[in-house]
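If you're matching them up, the sequences are chains E and A in order. Heads up: the first sequence begins at 32 in my numbering, then just goes up one per residue. Heads up: the second sequence begins at 108 in my numbering, then just goes up one per residue.
Because the hints were derived from the structure by calculation, they are not lab data. Do not take every clue at face value.
SDA-like mimics (lysine to any residue), calculated; alpha carbons at most 20 Å apart, straight line [stated by the list, open to error]:
hint, chain 1, residue 1, chain 2, residue 2
1, A, 203, E, 89
2, E, 110, E, 50
3, E, 110, E, 41
4, A, 144, E, 40
5, A, 144, A, 189
6, A, 144, E, 93
7, A, 203, E, 41
8, A, 203, E, 59
9, A, 203, E, 50
10, A, 144, E, 74
11, A, 133, E, 93
12, A, 211, E, 93
13, A, 203, E, 44
14, A, 208, E, 90
15, E, 111, E, 59
16, A, 208, E, 116
17, A, 162, A, 146
18, E, 111, E, 93
19, A, 208, E, 76
20, A, 208, A, 111
21, A, 208, A, 122
22, A, 133, E, 136
23, A, 211, E, 83
24, A, 203, E, 83
25, A, 208, E, 73
26, A, 208, A, 190
27, A, 211, A, 124
28, A, 208, E, 91
29, A, 211, A, 150
30, A, 133, E, 76
31, A, 144, E, 73
32, A, 144, E, 76
33, A, 203, E, 61
34, A, 211, E, 72
35, A, 211, E, 71
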Amino acid sequence: SQTIHQWPATLVQPVGSPLSLECTVEGTSNPNLYWYRQAAGRGLQLLFYSVGIGQISSEVPQNLSASRPQDRQFILSSKKLLLSDSGFYLCAWSVQTTGELFFGEGSRLTVL
Amino acid sequence: QQPVQSPQAVILREGEDAVINCSSSKALYSVHWYRQKHGEAPVFLMILLKGGEQKGHDKISASFNEKKQQSSLYLTASQLSYSGTYFCGSQGGSEKLVFGKGTKLTVNP
Numbered sequence: 032s033q034t035i036h037q038w039p040a041t042l043v044q045p046v047g048s049p050l051s052l053e054c055t056v057e058g059t060s061n062p063n064l065y066w067y068r069q070a071a072g073r074g075l076q077l078l079f080y081s082v083g084i085g086q087i088s089s090e091v092p093q094n095l096s097a098s099r100p101q102d103r104q105f106i107l108s109s110k111k112l113l114l115s116d117s118g119f120y121l122c123a124w125s126v127q128t129t130g131e132l133f134f135g136e137g138s139r140l141t142v143l
Numbered sequence: 108q109q110p111v112q113s114p115q116a117v118i119l120r121e122g123e124d125a126v127i128n129c130s131s132s133k134a135l136y137s138v139h140w141y142r143q144k145h146g147e148a149p150v151f152l153m154i155l156l157k158g159g160e161q162k163g164h165d166k167i168s169a170s171f172n173e174k175k176q177q178s179s180l181y182l183t184a185s186q187l188s189y190s191g192t193y194f195c196g197s198q199g200g201s202e203k204l205v206f207g208k209g210t211k212l213t214v215n216p
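Given only the sequences and the hints, what does the whole structure look like? Please build it.
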C-alpha cells in the first residue's frame, strides 16, 4: 500500500533562518507531488506542484522553493524565513489519472 | 482560480441535514471533497469526474453540475464525527488542484 511521510512534524525557527521540509512517498511510482500551506484558520494554499523529477511549478511568488531530486521525494526550502511563513505545511501526492490527493501528516512551522 | 464555497460556517444538531456548495468561474474537469479535523491533515471524501455525477459515502453524498460549474455536498442525519472543515477542490483540466477556503461544520449533541 502507498504511504506518505513528512517531517519534521513541528519546528520553531527564528526569522532569517533556513528551512527544509522533506516528504517521501512509498508504494507508488511517478506520482504528482504537492506542497500546500495553511495559515491559522485559513484554507489550503497551493505552493508548488511537480509532475516529475526536476519539474516544479510555483503557484505563489515568495521566498520558498521546492525541489524533487528523486521520483518520490519532495523538499520545501527557504534560505531566510519570514514571520509570514508560519503555518501548517502539507505535502500530498496523487495518482496521475484520478487526481485524488493523499496528504502527509503535516509540518507545523512557527517563525519567531 | 479558487472555487467559492458557501456557507463559510454551519452549526447543526445531531441528526440534522446540511448542504455545502462549491462554485467556480472556470470550466471544471473534476471536483474533489475533503474533510479536515482540527490539527490534522485533510482526508479525501470523494471525487466527481463528470457532469451530473453523484456519489455517496455513508450518509454523505455529492453532486456535480458541469454546466453550472458547481458542486454540492450533502450531509444527511449528521453525526458528531462529521464536525470539521470541508474543502472542495477544483481541477480545470491541468494537473493542479485548487481548494476553496473551506466550510466549518459543527455538529452538537
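Verification of the hints:
no. : hint           : verdict
1   : A:203 to E:89  : holds, 11 Å
2   : E:110 to E:50  : holds, 7 Å
3   : E:110 to E:41  : holds, 18 Å
4   : A:144 to E:40  : holds, 17 Å
5   : A:144 to A:189 : holds, 9 Å
6   : A:144 to E:93  : violated, 28 Å
7   : A:203 to E:41  : violated, 26 Å
8   : A:203 to E:59  : holds, 19 Å
9   : A:203 to E:50  : violated, 24 Å
10  : A:144 to E:74  : holds, 13 Å
11  : A:133 to E:93  : violated, 26 Å
12  : A:211 to E:93  : violated, 28 Å
13  : A:203 to E:44  : violated, 30 Å
14  : A:208 to E:90  : holds, 16 Å
15  : E:111 to E:59  : violated, 33 Å
16  : A:208 to E:116 : holds, 18 Å
17  : A:162 to A:146 : violated, 27 Å
18  : E:111 to E:93  : holds, 11 Å
19  : A:208 to E:76  : holds, 9 Å
20  : A:208 to A:111 : holds, 7 Å
21  : A:208 to A:122 : violated, 26 Å
22  : A:133 to E:136 : violated, 31 Å
23  : A:211 to E:83  : violated, 34 Å
24  : A:203 to E:83  : holds, 13 Å
25  : A:208 to E:73  : holds, 7 Å
26  : A:208 to A:190 : holds, 16 Å
27  : A:211 to A:124 : holds, 14 Å
28  : A:208 to E:91  : holds, 16 Å
29  : A:211 to A:150 : holds, 15 Å
30  : A:133 to E:76  : holds, 18 Å
31  : A:144 to E:73  : holds, 13 Å
32  : A:144 to E:76  : holds, 17 Å
33  : A:203 to E:61  : holds, 15 Å
34  : A:211 to E:72  : holds, 10 Å
35  : A:211 to E:71  : holds, 13 Å
When held up to the earlier numbered hints, the structure conflicts with 6, 7, 9, 11, 12, 13, 15, 17, 21, 22 and 23 and fits the remainder.
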